[in-house]
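The listed protein sequences derive, respectively, from chains A and B.
Under this note's numbering, the first residue of the first sequence is numbered 468, with each subsequent residue one higher.
Under this note's numbering, the first residue of the second sequence is numbered 468, with each subsequent residue one higher.
Hints should not be assumed to be uniformly reliable.
To be verified - Simulated restraints, written as ranges between beta carbons of each label pair:
#1 B:581 to A:770: 40 to 46 Å
#2 A:697 to B:499: 49 to 55 Å
#3 A:573 to B:509: 49 to 55 Å
What the hints assert, rightly or not - Simulated crosslink set (DSSO-like; lysine-lysine; CA at most 30 Å straight-line):
#4 A:638 to B:493
#5 A:493 to B:638
#6 B:762 to A:493
#7 A:503 to B:638
#8 A:809 to B:638
#9 B:809 to A:525
#10 A:693 to B:762
#11 A:525 to A:536
#12 A:748 to A:577
#13 A:762 to B:493
#14 A:536 to B:809
#15 B:809 to A:638
#16 B:755 to B:577
In short, the hints are calculated from the structure, not lab data.
The C-beta atom is built at its ideal place from N, Cα and C for all residues, glycine as well.
Protein chains: 2
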Amino acid sequence: MSSRTMSVRALATRASAVPANDPSRKVLAEGAGVNKAVAAIEYAVRGELVLRAEALAKRLPSVDLPFEKIVYCNIGNPQSVGQSPITFVRQVLAGITCPSLIENEGVFPKDVVERVRAVLRASHGIGAYSESQGIELIRERVAMAMEKRDGGVPTNPNNIFLTNGASEAVKTILSMLVRDENDGVLIPIPQYPLYSAAMTSFGGQQVGYYLDEDNGWSLNIDELEKRLAEARGKGISVRGLVVINPGNPTGQVLSRENMEDVVAFCEKENLVIMADEVYQKNVYTPEKPFVSFKKVVCEMGADLELASFHSVSKGVMGECGLRGGYMEIVNMERYVQELIYKVLSVSLCSNIIGQVAIDLMMTPPQPGDPSYELYNKEVTEIYGALRNKAIAMSDGLNTLEGVTCNPSEGAMYLFPRITLPPAAIKEAAARGMASADVLYCIEMLEATGICVVPGSGFLQQEGTYHFRTTFLPPENEIKGVIASMRRFHDRFMSKYS
Amino acid sequence: MSSRTMSVRALATRASAVPANDPSRKVLAEGAGVNKAVAAIEYAVRGELVLRAEALAKRLPSVDLPFEKIVYCNIGNPQSVGQSPITFVRQVLAGITCPSLIENEGVFPKDVVERVRAVLRASHGIGAYSESQGIELIRERVAMAMEKRDGGVPTNPNNIFLTNGASEAVKTILSMLVRDENDGVLIPIPQYPLYSAAMTSFGGQQVGYYLDEDNGWSLNIDELEKRLAEARGKGISVRGLVVINPGNPTGQVLSRENMEDVVAFCEKENLVIMADEVYQKNVYTPEKPFVSFKKVVCEMGADLELASFHSVSKGVMGECGLRGGYMEIVNMERYVQELIYKVLSVSLCSNIIGQVAIDLMMTPPQPGDPSYELYNKEVTEIYGALRNKAIAMSDGLNTLEGVTCNPSEGAMYLFPRITLPPAAIKEAAARGMASADVLYCIEMLEATGICVVPGSGFLQQEGTYHFRTTFLPPENEIKGVIASMRRFHDRFMSKYS
């Protein structure tokens with residue numbers, strides 16, 4: 468992107484005029500006809516496997532196919548596989564959508580009506596653009612909730628930006644951080660492909676650091692130092708570090724001690740921390756509670772810049788379709804705060820329903836509120852089911868021959884490692900596949916209807932093979948999914964042995 | 468952006484390692500610390516004037532200020548200034564948000580209940596990600612509605628992409644079209660600053676073509692040819708043309724004949740047409756009905772690529788806060804369709820409420836449906852008020868000394884031209900303002916509380932001065948707004964005469 472600034476000079480030195488476009492060709496055309504960086508984007512979570520799954524789904528039911536339905540384990544989309552929404556959340560959202568509903572006594576509980584009134588007083592409703600940064604009242608309430616979460620560490624509502632999902636916030640920060648093709652950002656391997664896709668489109672360098680699979684996907688500071696030195700040796704100006712905690716696709720939860728080491732490293736090396744914390748409510752190990760990077764940075768008094776991300780799509784709400792997210796920036800220049808405002812203002816504001824959903828996630832009903840009992844029951848059930856399924860699925864996967872799978876301490880995924888026979892690796896290469904795990908996943912889909920994502924879509928150590936699967940199908944189906952995976956796995960291993 | 472592809476080579480030829488970052492400085496910092504193209508974005512609709520208005524609003528009520536409230540005429544945000552939402556729309560959206568509501572007889576009319584059921588059958592509800600391109604049923608219904616609108620011209624649902632507002636669609640197409648800093652797109656002057664902001668951030672060349680103010684802001688083919696030749700002479704590869712119809716900020720509606728000339732020009736020169744048609748329902752001149760570029764392109768049999776944009780934010784719904792938009796692509800390569808899918812898939816999907824709102828806008832209740840009578844009454848009232856206000860406001864502005872204002876044939880704006888005294892121009896220059904219309908607008912805001920946007924934010928002929936104002940305040944306030952503008956205008960002219 469440094470070339471953007473050279474445009475005037477570049478044009479001035481061109482002597483001849485550009486000929487008219489060739490009318491026999493499309494303007495937007497494969498190859499030279501589209502922006503190369505955009506064309507190079509890859510996003511496996513909705514890639515080849517999913518398109519094939521959707522094509523198969525259209526043929527169902529079919530006597531030619533050995534399964535009755537597609538089981539989508541490719542994406543953390545809980546409500547698409549049967550998880551119910553939280554009643555309180557939907558009642559408030561319906562009330563602000565159609566305010567005449569709260570005028571009738573008894574349609575909604577009293578605390579729902581109060582929440583609806585508060586939002587309507589603080590805004591022009593869901594049909595008007597809000598401030599570009601998000602409704603002020605909601606940012607204030609999010610700030611208070613974060614302070615409570617972080618044991619009193621102060622939060623400024625002006626540093627909070629409400630966005631269409633966390634993705635928009637991540638892209639906004641990366642678009643500012645990456646100045647040209649010599650700028651790099653440290654990104655975990657394996658990673659959530661939003662980061663690689665965004666870096667590809669902004670033309671920066673992905674500087675991968677490997678998570679340590681043999682030690683529960685832990686984050687090793689020696690590895691960070693090694694990869695940083697390597698990148699600098701190649702002339703890359705490394706400006707930030709992405710950390711996903713709880714991990715996606717790996718499911719690990721960082722210890723406080725490990726986080727302190729990461730913060731100290733970033734402070735010493737002057738790196739912006741981008742902390743993807745969208746799975747903060749999906750933690751299943753009591754001995755490793757979620758701690759925010761904000762809390763660690765502030766309690767250490769570290770002098771570094773931090774952006775953290777959160778979303779209504781995950782947690783126990785799982786409200787993916789609302790596209791509600793937010794970002795908090797910490798220790799950033801006032802200028803940067805204003806620049807983010809400006810960038811977001813070009814799209815006017817994020818959708819208001821998503822903004823309100825963020826408020827409901829951060830400040831849920833409290834004991835004594837009319838909605839509390841039902842809310843608590845629903846949340847407890849969803850959380851309990853997620854935790855049970857995480858354990859059942861990793862236990863099940865570990866019984867497959869040649870498969871090892873770290874337990875999921877958090878998030879919604881498992882990333883089992885599969886030992887593939889040489890014949891399968893050869894077959895995948897012969898068919899021009901990016902990795903042999905693509906072959907494995909395609910054959911799994913075609914044999915069982917289960918759609919998972921090849922590990923190569925998230926990057927992995929050279930010569931290793933994985934896949935990412937969610938554990939989101941309903942509790943009573945999980946056993947069947949595992950049994951189905953086992954039958955396929957055994958057949959696949961025999962076929963290629 | 469061509470430099471993106473040079474990264475490997477560029478890095479390989481750098482001999483020395485990059486030093487560590489300077490720990491005494493912020494990483495993201497004004498000047499060299501952020502991406503220059505992003506920093507250069509300008510977006511006047513939410514710029515300096517609006518920030519000043521918001522600061523004033525926080526001081527109200529105040530005896531020091533000569534007005535009681537801020538009148539926001541800076542942005543087409545109808546529901547923020549009193550326009551009511553359409554009952555039918557909000558009932559369906561509340562129903563899909565909280566499906567238990569439709570189980571109780573009598574809460575909603577029967578056709579609302581049926582619409583809710585249809586959406587729930589065709590999707591996993593508002594809480595699940597949909598297909599990246601948008602829910603298939605909704606794309607099919609949009610396609611049918613477009614066919615009806617365009618007198619039978621066929622539409623393929625696979626060419627429709629549902630997005631978070633039209634802005635996301637516009638940015639997606641431009642990001643693919645602009646390959647490097649030598650690529651340009653023809654953009655009207657004056658224009659809606661989304662286009663300039665997006666071109667700035669993608670590093671392409673804005674090739675401005677002037678609309679003819681003296682002829683009702685018409686679009687002149689000679690002007691297009693002249694600007695295209697000029698740009699090619701400078702080495703710019705011009706690849707597309709943006710046309711906003713009805714116009715923003717100008718309010719003109721193109722005649723069919725004029726559109727045919729534009730299409731023929733773009734076909735001859737092999738330019739992609741980007742047709743911003745978000746104001747297609749805001750047409751106030753019976754003798755100039757809205758015609759879509761899709762219809763003209765197809766009926767002429769023109770061999771060119773077209774992307775057209777629509778939104779729920781405008782029209783009579785004015786549902787800005789829902790962020791619902793869509794794009795149709797016509798005559799594009801299958802590869803391009805797949806590339807758009809891939810780009811959008813990185814953000815997973817647009818918000819589902821916005822998707823459903825698009826469906827409701829395109830296929831509203833029909834005569835005989837239980838909701839039709841109320842729907843028709845509400846729509847007729849809103850439309851009638853918009854038309855009356857458009858006339859009242861342009862008539863009023865034309866009575867100001869030295870002000871000329873083309874009537875608004877469509878959209879939600881007027882773009883009056885103001886003749887500013889030399890002393891005002893000198894004063895603005897002395898205060899470092901980008902244009903003297905900034906001075907005019909700031910003084911108007913401080914004297915009246917009315918917030919409009921300087922013409923320089925939309926670009927304009929050198930040496931001319933304008934401002935953009937909406938005509939959205941309630942009908943009973945419009946007279947007061949005009950009177951207030953007149954008092955200010957007279958004082959401003961005396962002050963600087």
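Going through the hints against the structure:
1. B:581 to A:770: 40 to 46 Å: Violated: the Cβ-Cβ distance is about 60 Å, outside 40 to 46 Å.
2. A:697 to B:499: 49 to 55 Å: Check failed, 24 Å falls outside 49 to 55 Å.
3. A:573 to B:509: 49 to 55 Å: holds, 51 Å
4. A:638 to B:493: Distance of about 20 Å is within 30 Å: holds.
5. A:493 to B:638: Between residue 493 of chain A and residue 638 of chain B the Cα gap is close to 20 Å, so the pair holds against 30 Å.
6. B:762 to A:493: Holds, at about 20 Å.
7. A:503 to B:638: With Cα atoms ~16 Å apart, residue 503 of chain A and residue 638 of chain B stay inside 30 Å; holds.
8. A:809 to B:638: Holds - the C-alpha atoms of residue 638 of chain B and residue 809 of chain A are around 15 Å apart, at most 30 Å.
9. B:809 to A:525: Cα-Cα ~21 Å, so holds.
10. A:693 to B:762: Cα-Cα ~59 Å, so violated.
11. A:525 to A:536: holds, 10 Å
12. A:748 to A:577: Holds: residue 748 of chain A and residue 577 of chain A sit about 27 Å apart, inside 30 Å.
13. A:762 to B:493: holds, 20 Å
14. A:536 to B:809: Given pair residue 536 of chain A, residue 809 of chain B holds - Cα atoms ~25 Å apart, limit 30 Å.
15. B:809 to A:638: holds, 15 Å
16. B:755 to B:577: Distance ~37 Å between residue 755 of chain B and residue 577 of chain B Cα, so the pair is violated.
Against the hints set out earlier in the document, violations occur for numbers 1, 2, 10 and 16.
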